[in-house]
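Top to bottom, those sequences are chains A and B. According to the numbering used here, the residues represented by the first sequence are 5 to 222, in order. According to the numbering used here, the residues represented by the second sequence are 12 to 236, in order.
It is worth saying that the hints were derived from the structure and are not from the lab. Don't take each hint at face value.
[Unchecked claim] Part of the chain B face toward chain A, derived, beta carbon under 7 Å:
| # | residue |
| --- | --- |
| 1 | Ser37 |
| 2 | Gln46 |
| 3 | Ile52 |
| 4 | Ala53 |
| 5 | Arg83 |
| 6 | Gly147 |
Yeah, the Cβ is synthetic: ideal placement off N, Cα and C, and Gly gets one too.
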Amino acid sequence: MSRRRDDRLTWETFSEGLWRENPVFVMLLGMCPVLAVTNSAVNALAMGLATTFVLVASGLLVSLLARYIPRQVRIATYIVIIATFVTLIDYSIQAISLDLYNALGAFIQLIVVNCIILGRAEAYASRNRPLKAVVNAAGMGAGFTFALLCLGGVRELLGAGSLFGFDLFGPNFQPWVVMVLPPGGFLVLGGWLLLFDWMKQRGRETEPLPRGETVHGR
Amino acid sequence: MNAPTLQPRTPATAMLVVLGGIAMLSGLLVVLAAQLTAPLIAENQREAIERALVKVIPGSVTYRRYKVEEGRLLPAGEADDDILYAGYDDRGRLLGIAARAAAQGYADMIYLLYGYDPGCECIRGIQVLKLAETPGLGDKITKDPDFLKNFEALDARLDAAGTALLNPIVTVKHGSKRNPWEIDAISGATISSRAVGKALNRSAQKLLPAIRPLLLQIHRLEEKG
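Whenever a hint applies, use it, and build me the whole structure from the sequences.
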């Protein structure tokens, strides 16, 4: 009975990655690209989309093959699958734009070791049917992209005075350079975490808990 | 047979089959992607070089690729690495030579393309092809207008014997540039600025003496059938 209900595809399947279990703001996973490539909104978007592609494609393949993969070699298999899709996206970005490829540097290849992806493959895709795994991976990817954009947008705005490369404040703007440097990543991430936690606290005080919600860290 | 274990053992063949199968599938996909994107990537690289060539040889419209080998100038093929570009105007006159230079910057190697004008014996422009310098500091070498002004006519005359630069190209502290062969560093990006000077000096010291006796061979673009 409960097995049946677990199998259902709901809006939650997608939205939990976006909000309730956002990989960056809630689970604090994949901090390396989050801090490193969010110095501009374009880089953040490209990184987010690349990660989403790898998440969805590897989620699908893992879910399809899960039944045939022996337990002992499952991690090795997942990593090979993930690495394959990372290589595909690596070539594609080179074909789309060399500037973008140079800006993202080694972080495209490093998607392989992004713990969100292996985590999803092991904890979700291998235990759910393909459609559900894909929808959930897309949600996680969307949540990751959203979080990267939150950081990249603010950092580019403050650190370079532009957004997606469009100059917003004119020539008299004195860029707050530290924001596009590594410390700016930590500062902005801290700011967003504060905001999200505050919003969560407020939501908890005004609304009753939704059915089946678990409360962490209270 | 062994004593029964708690878990049923997976036969090694199953593991081998799965891992081998996945690896083969992976190899197939990777090769496919590499094959499909290779022409696009090559095209992108060619475009990037051409965009840079227009900037470092102002006014140029056509280009020829050459390589210098044992004092002779040969047309360079697609596979050659260490090549130079000759840029011509619309009437086929040589405007300048462009070559690559590289030096260690703050974060990683800085690769650049520079244009040499034989008329004024000076460097007419640089374009950074690849860098990994700190955004907002070191990467200013690509766009800081005061810094780029250094390369409007950077002196690169050869000495009387024609074997080396008369004055080596050097990067000097911000605000202390006195001579036309000096590069005024960006304050706050001294290491990156120095790398540019070092790359230019190293490449020019080697290339310019070698190319000078050969310039007559390429001073006009020959019509090819």
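For each hint, the structure was consulted:
The closest approach between the C-beta of B/Ser37 and any C-beta of chain A is roughly 4 Å, which is under the 7 Å cut-off, so the hint is satisfied. Annotation: interface hint on B/Gln46 violated; nearest CB of chain A at approximately 10 Å, more than 7 Å. Evaluation of the B/Ile52 hint against chain A yields a held restraint, the C-beta minimum of about 5 Å falling below 7 Å. With a least beta-carbon distance of about 10 Å to chain A, the hint placing B/Ala53 at the interface is violated under the 7 Å criterion.
The interface hint given for B/Arg83 is violated, since its Cβ lies 33 Å from the closest Cβ of chain A, which is over the 7 Å cut-off. Taking 7 Å as the C-beta cut-off, the interface hint given for B/Gly147 holds, the closest approach to chain A being about 4 Å.
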